[in-house]
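S.K.: Below are the chains, spelled out letter by letter.
2 protein chains.
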Amino acid sequence: MNAEIIAVGTELLLGDIVNTNAQYLSRELANLGISVFYQTVVGDNEKRLLDAYKIAFERADMVITTGGLGPTEDDLTKETAAKYFNKQMIQDDESLAIITGFFKKHNFVMTNNNKKQAFIPEGASILPNPKGTAPGCMIEENGKLMFMLPGPPNECIPMFDSSVLPELHKRTDKVFVSRVLQISGIGESHLEDMLKDMIDAQTNPTIAPYAKFGEVSLRLTASADNADEAKKLIAPVADEIYKRLGDNVYGEGETSLAQTVAEILVKKGLTIACAESCTGGMLTAKLVDFAGVSKTLIESVVCYSNESKISRLSVNPETIHDFGAVSEETAREMAEGIKLTSGADIGVSITGVAGPDGGTEEKPVGLVYIAIARNGKTEIKSFNLPGDRQRVRTRTVVYALDFIRRELL
Amino acid sequence: MNAEIIAVGTELLLGDIVNTNAQYLSRELANLGISVFYQTVVGDNEKRLLDAYKIAFERADMVITTGGLGPTEDDLTKETAAKYFNKQMIQDDESLAIITGFFKKHNFVMTNNNKKQAFIPEGASILPNPKGTAPGCMIEENGKLMFMLPGPPNECIPMFDSSVLPELHKRTDKVFVSRVLQISGIGESHLEDMLKDMIDAQTNPTIAPYAKFGEVSLRLTASADNADEAKKLIAPVADEIYKRLGDNVYGEGETSLAQTVAEILVKKGLTIACAESCTGGMLTAKLVDFAGVSKTLIESVVCYSNESKISRLSVNPETIHDFGAVSEETAREMAEGIKLTSGADIGVSITGVAGPDGGTEEKPVGLVYIAIARNGKTEIKSFNLPGDRQRVRTRTVVYALDFIRRELL
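Line by line, the protein sequences are chains W and V.
For the first sequence, the numbering used here assigns the number 409 to the last residue and increments by one with no breaks.
For the second sequence, the numbering used here assigns the number 409 to the last residue and increments by one with no breaks.
Just chain W, same shape as in the assembly:
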């Protein structure tokens, strides 16, 4: 089976957004052994969209579209598919009820436009959208299979996982099983070096690294006649990788570094509090992404001004005066201060020069101190991070989480 991915949206053609859906879908299809020969991006224009469908179905058995399911007149994906397959658009009552309920519940004004989202081509099946109002749909006819998914990645990806994957599994006789190892503390090229012989020799399971910001995921995928056999193929390879990477593997599957840290804290019955300067609350916000964090997170102080460092964390004004707000000494007092004033078991602090201004020869943009106070001791690390303000801050958060994780090992 081979597939084509068609992203629909003028905003992609104007360069307003990046087509990350195509990457996700391509990777997932590759894991299933489905070849993607082309990805296409087309705008919100009926004629060009119809042409794209025709070309795609001449060269692929299956088409997956993303985008164009919204409520406005510009959203034409389903309507054009109906035209391509010679179908009427019909109202799906269940979808309409869900959409109406959504607007009622949230006291939003529902316009006639919104009803359009409940229409699908006759004969199509609904793909439910647990994350938004636009349902997706699937049409299968004359050996042609088409899935239409929403554009926002946070709706597209869950719909693919929950509705498209099961349909595709039905259509292949092999079973594919994946294990994803989550890695922090080493970069992608270093990781590839450590596993080079294994990556070069890979056949079944395949080994695919994906770099995220300051982290790497390693996906092992095996195909076999059944899931147990596939798992057995993966197990020794995973064991060897654990042996080589050791503590750099922080988890498996759907988790995050922040969630892992929060879970370790909860498991150990430890509480935490953070004092953030340049990151401005990003570290704490990451921890709060994980709902269970309330058991461990007492509070955080975003001590952006020196006065805040002094009044909230009892940092000594002379320390700031003598060594600067971005210094090992201030980082230490911030970590010890937040620990003491919050009563948490662990105090974490971050202070750095995020830029673009404020850098000096001695303390350049990208210089960051992270300190962890715990059990009467304070550990401090410093980093010289590349990139702009946003990159420095994002990377700092990853490094801080990895630092906390390793302290807790």
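Derived from the structure by calculation, the hints contain no laboratory data.
Just to be clear, a hint being listed does not mean it is correct.
Because identical chains share one entry, a pair is satisfied inside a single copy or across any pair of copies.
Within a straight-line C-alpha distance of at most 35 angstroms, the following computed DSBU-like cross-link-like pairs (lysine-lysine) qualify [to be verified]:
| id | residue 1 | residue 2 |
| --- | --- | --- |
| 1 | K83 | K47 |
| 2 | K212 | K131 |
| 3 | K47 | K174 |
| 4 | K381 | K87 |
| 5 | K116 | K196 |
| 6 | K104 | K381 |
| 7 | K104 | K377 |
| 8 | K170 | K47 |
| 9 | K131 | K381 |
| 10 | K196 | K87 |
| 11 | K144 | K47 |
| 12 | K104 | K232 |
| 13 | K174 | K243 |
Since the structure of chain W is provided, determine the placement of chain V on it from the hints.
M.R.: This is chain V only, laid out in the frame that chain W set:
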């Protein structure tokens, strides 16, 4: 003139990398008024690549390719273009000298493969590559224009800027000017309702709305013989939109809601401090995205636990006991508490049920209170927000920023 972007590389079809080049090139072409009707991704396969060229030139005047200029047998972009245009591949001596010099300088071993990079289709012109060994090239024939650029973004983008842009400027007689209006406080479909007649009647300038999370951008683009004329075409349309949308327009061009809020605060000489519960620091982190925020942001407290609300913000324990941590009363005391304890002019608080757990019939997931204390008064708004934990929190931050902005008008 209209263009198609073709990215060549199996790694894109496997989902190993994201096609960021397409975004960059599309945006640059849009700025020049060159329409991109399609983006295509195709693998390192001669037949499929040739087909992609044929299809592209049937629907576009100009094709820009990225990738496939490397030294290996898999790299086929130029060779296939030569086939498409019925040309021989010939050696470019100057390029060969540059490549040979590069290998000598870095003491790398040069293989015969590397010489392949110095070959271009007969009649093509070289586009120099200051960042790597692979030169690009340009072919113009029978009204068809083709640019071939390298795949790595750090080579592709500088080559586009230094070699392709000047060629394109030579070829267009119209100037395109855009104004982007940034809008918060109304949704995309509501906005389209308010501007429906204008959007339906659009020709020059064009009016294009793009929904972001809880915000909308509206891009007005006009073409004319010169920039002044284009601006004159946009002005009355923009004025009419301002008249209809009023305070919902918060800014123009490259700005964000957080930056707008921070800039207003700095301009008015006001200081701010935030008390965040369910958002966990996201509001403050957004403000800190903007480097100039140090002039206005004193501090924030992520008062995730009740103890923190009491000890850091002097919230009355009885208020939490009687009304709950998520209540109008607690939100009020949090905002007043952070204002008082920080000494800021404005105190902002957020408390809500972000989910997935913790919701009740009376206080469901998505219920959020935002309070602003200022000038001895405290304004409070409550929202019932849809979506999962992450969406509730992200939307809350946008609503909080919009609330602050309107308070400052």
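S.K.: If a hint holds in the structure, say so; if it doesn't, say that too.
M.R.: Each hint, compared with the structure:
no.: 1; hint: K83 with K47; verdict: both (11 angstroms within a copy, 30 angstroms between copies)
no.: 2; hint: K212 with K131; verdict: both (24 angstroms within a copy, 16 angstroms between copies)
no.: 3; hint: K47 with K174; verdict: between (37 angstroms within a copy, 26 angstroms between copies)
no.: 4; hint: K381 with K87; verdict: neither (63 angstroms within a copy, 47 angstroms between copies)
no.: 5; hint: K116 with K196; verdict: between (52 angstroms within a copy, 16 angstroms between copies)
no.: 6; hint: K104 with K381; verdict: between (51 angstroms within a copy, 19 angstroms between copies)
no.: 7; hint: K104 with K377; verdict: between (54 angstroms within a copy, 32 angstroms between copies)
no.: 8; hint: K170 with K47; verdict: both (33 angstroms within a copy, 31 angstroms between copies)
no.: 9; hint: K131 with K381; verdict: between (40 angstroms within a copy, 25 angstroms between copies)
no.: 10; hint: K196 with K87; verdict: between (51 angstroms within a copy, 28 angstroms between copies)
no.: 11; hint: K144 with K47; verdict: both (20 angstroms within a copy, 23 angstroms between copies)
no.: 12; hint: K104 with K232; verdict: neither (50 angstroms within a copy, 43 angstroms between copies)
no.: 13; hint: K174 with K243; verdict: within (29 angstroms within a copy, 61 angstroms between copies)
Going through the hint list in order, the structure does not satisfy hints 4 and 12.
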